[in-house]
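Use these hints to put chain B onto chain A, whose structure you have.
Protein sequence lines, in the order shown, are assigned to chains A and B.
Going by our numbering, the first sequence opens with residue 56, and the numbers climb by one from there.
Going by our numbering, the second sequence opens with residue 12, and the numbers climb by one from there.
Honestly, the hints are just simulated from the structure, not real lab data.
For every residue, glycine included, the Cβ atom is placed at its ideal position computed from N, Cα and C.
Over 12 angstroms on every C-beta distance to chain A, these chain B residues come out as not near it, computed from the model:
#1 Ser17
#2 Lys31
#3 Gly87
#4 Gly109
#5 Cys257
The calculated lysine-lysine pairs, modelled on PhoX-like cross-linking and capped at a C-alpha distance of 25 angstroms, are:
#6 B:Lys212 / A:Lys250
#7 A:Lys344 / B:Lys14
#8 A:Lys493 / A:Lys99
#9 B:Lys62 / A:Lys579
So these bits of chain B aren't anywhere near chain A, every CB distance computed over 10 angstroms:
#10 Asn33
#11 Glu35
#12 Thr36
#13 Tyr37
#14 Asn86
#15 Gly225
#16 Asn228
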Amino acid sequence: MEDLKKEQKTAAQPVIDSKIPEGPIAEKWTNYKAHQKLVNPANKRRLDIIVVGTGLAGASAASSLAEMGFNVLNFCIQDSPRRAHSIAAQGGINAAKNYQNDGDSVYRLFYDTVKGGDYRARESNVYRLAEVSNSIIDQCVAQGVPFAREYGGLLDNRSFGGAQVSRTFYARGQTGQQLLLGAYSSLNRQIQLGKVKSYNRYEMQDVVMIDGRARGIIAKNLITGELERFAAHAVVIATGGYGNVYFLSTNAMSCNCTAAMACYRKGAYFANPAYVQIHPTCIPVHGDKQSKLTLMSESLRNDGRIWVPKKLEDAKKIQAGTLQGRDIPEADRDYYLERRYPAFGNLVPRDVASRAAKERCDAGFGVNNTGLAVFLDFSDAIERLGKETVGQRYGNLFDMYEEITDVNPYENPMMIYPAIHYTMGGIWVDYELQTSLKGLFAIGECNFSDHGANRLGASALMQGLADGYFVLPYTIQNYLSDQITVPRFKTDAPEFDATEKAVQAHIDKLMNIKGKRSVDSIHKEFGRLMWDYVGMGRTKEGLETALAKMKEIRKEFETNLFIPGSKEGMNVELDKAIRLGDFITMGELVAYDALNRQESCGGHFREEYQTEEGEAKRDDENYFYVACWDYPGSEDKAPKLIKEALHYEAIKVQTRNYKA
Amino acid sequence: MDKNISFKLKVWRQAGPKEKGNFETYEMQDIPGDTSFLEMLDILNEQLVDKGEEPIVFDHDCREGICGMCSLYVNGHPHGPATGATTCQLYMRRFNDGDTITVEPWRSAAFPVIKDLMVDRNAFDKIQQAGGYISFNCGGAQDANAIPISKVDADEAMDAAACIGCGACVAACKNGSAMLFVSAKVSQFAVLPQGKIEAVKRVKAMVRKMDELGFGNCTNTGACAAECPKNISLNNIARLNREFICAKFKD
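Chain A on its own, in the form it takes in the complex (with noise of 0.2 angstroms):
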């Protein structure tokens, strides 16, 4: 750390533009679009652009770029774009519009998301959000978005934590898979137009860079196992988060941030690596055989309340399983985020209560055989609402949740712990999304702009589907517009064999070590360590450890591995190792960043930096900048940090509050 610190000191600090338009906030994406340069619609169709992932983000703007007439090239890691991890969101989708009369606007959403960021999003970046925030909601109920609507026919919200009105629009506790159909309808349209071509079950491996812009990828055929090349104007990644750094995590499967560390090598800046989500309401782990850790939606917390119990000896009882949750009389009962924050109670942001429930577990109060869980409980709900109506809203997460604890939650409170959910830090983008690399651009949860240090829900759809609908289409348009002469690169360019070139020989590389350890058992014990040292509490010392521990593990990694098979045809253990190689690198940036930032905020807590009750304290004076890491040119060397000074105009910055 300290060779760190020096290194910084001497380097000749690059400049970072995040281009922000000039003029008042609430003015500054209408200036924008007004001067922004546009590309004629005969021009369009000589431009090629290259989106991979199709998820909210991915899949939305694959769709609206063809609808605008250029051409578009769609890759996707699973069999059919409609299965991209945005579909597993639950709760629902955030948007300015004040249906409910109870004093929403354009500003507050922009204000909440800021604060709950913990001051430490890009001003710009939020408010344009919140202002395209209503365009989604139009668009996705115009695509056939089945919204949950009231009886009059109009469309109904629930409120979610960090906010004090209901602007979340849903679609049962499914939201995320009916805007996700919704983006997909679009995109599929696209494709019988033959505007996208798709790619299915394909892994982009690399980013090609000509003449220092980006301009193509080498993408992996899943099933082939053949390395394939790809040229376009502008590359776009829609690649999603890192959580699965962790293995353990709410992610799917195949998430992976093995194309974010493909741009972070060549040269993109990665932003804030150490915000990383810890979501309080999931399922607490039951085993070592554990492959995923399964969400609750956050919306249970609009009526369920979360409590431990008060007396230490009911705690020791209900660990043992000698004493059940709904014995326990109301007085001995610790509503503890009612008891501190009375203000937001249990609807406080993700951050605040994930902490507090680690608190309340730490000091031996939690409810399961590992004493690591606390109770989420409907009992008042169900008195006040009836059975019935809690059934309609939560029906189907009350059945998941039985089916995989074999615990009814009707008749016994649920049993829920924090888990690693979203990934606030990701690709540095500037105001126009794109990437410190030229023509490269990122959107979705896999850049860094919109969250800050903290995410609040239903944001995470609302990011994804305002970047891909009402962002990127204009922003990439400035862009392109001296582009239009470039002729169509051919994928036989020098960049294009090197780069594959390189690939090719990382997977032999990986083939040949022929060691004796599964991809998964070594993934396993590095998202241990992650989750010990780099999760929801961190201290110098604990990551200090962990990135000395992160070297034995890499060592190990490269020295000790086994995969089956061969490089030809489908291999999924090859797939696995390679993005195994890439979370390593990642978990060690993760770490880097959390050991600079002396400070506690959101989602990243270092436990020497709290006040006396425990909460997070930030440090303005030092910490007010977005920390964006430079790749060093070797895995062996410490990335280098180059910083993004942070400007607020429209919002004073201040401690956050949700007591009163």
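Here is chain B on its own, set in the frame of chain A:
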């Protein structure tokens, strides 16, 4: 607490689309009841890799029952014996000590096997591309509350839209028919005002594509709805037939 169980697993292994496949038998020892079916396969794969063998290939992704990727035929049922759940949400506590559990891929002419338990469901995408959308370009939408939609219709559309496109309906059908899948999409749009404009064109295009891709005919056995992990109702097929006949009359 769940008990651990030991059982015999018969798994279909097939090296490639054109190779001949066969069942392999594996002995599984002491598997905890709270292990999901796919986690149980992970355990087996870990054992195979440790022995230097190639793991069993199967499709899976979200592991929370919504992506529709998992596609296993367990003991003669798509997604196994549990109703209203996908394979990833099937837990080993549903089985008994000493059982023999048979695992096969979806078996249908329209879903060729790629490897082991993985099949190609591209045909489903093609049906959707034929007409499973509302034609309009992003940016032109009116205010979301401009057209009120009755809660009953919205709920009905949602019931149909809950389809995850896994293909269990096709796998369950003795004719290999995709009617439940197609009817779910047709129904979702048929009950919403936004979808009515293109309803005639849509139903004809989707049904034509379905027939073209080699899916079988529907003979109303109802196996599809009985095995559907999302409980998509047979009423959708009735609506599809109605929409289709009306569309034909308009010709």
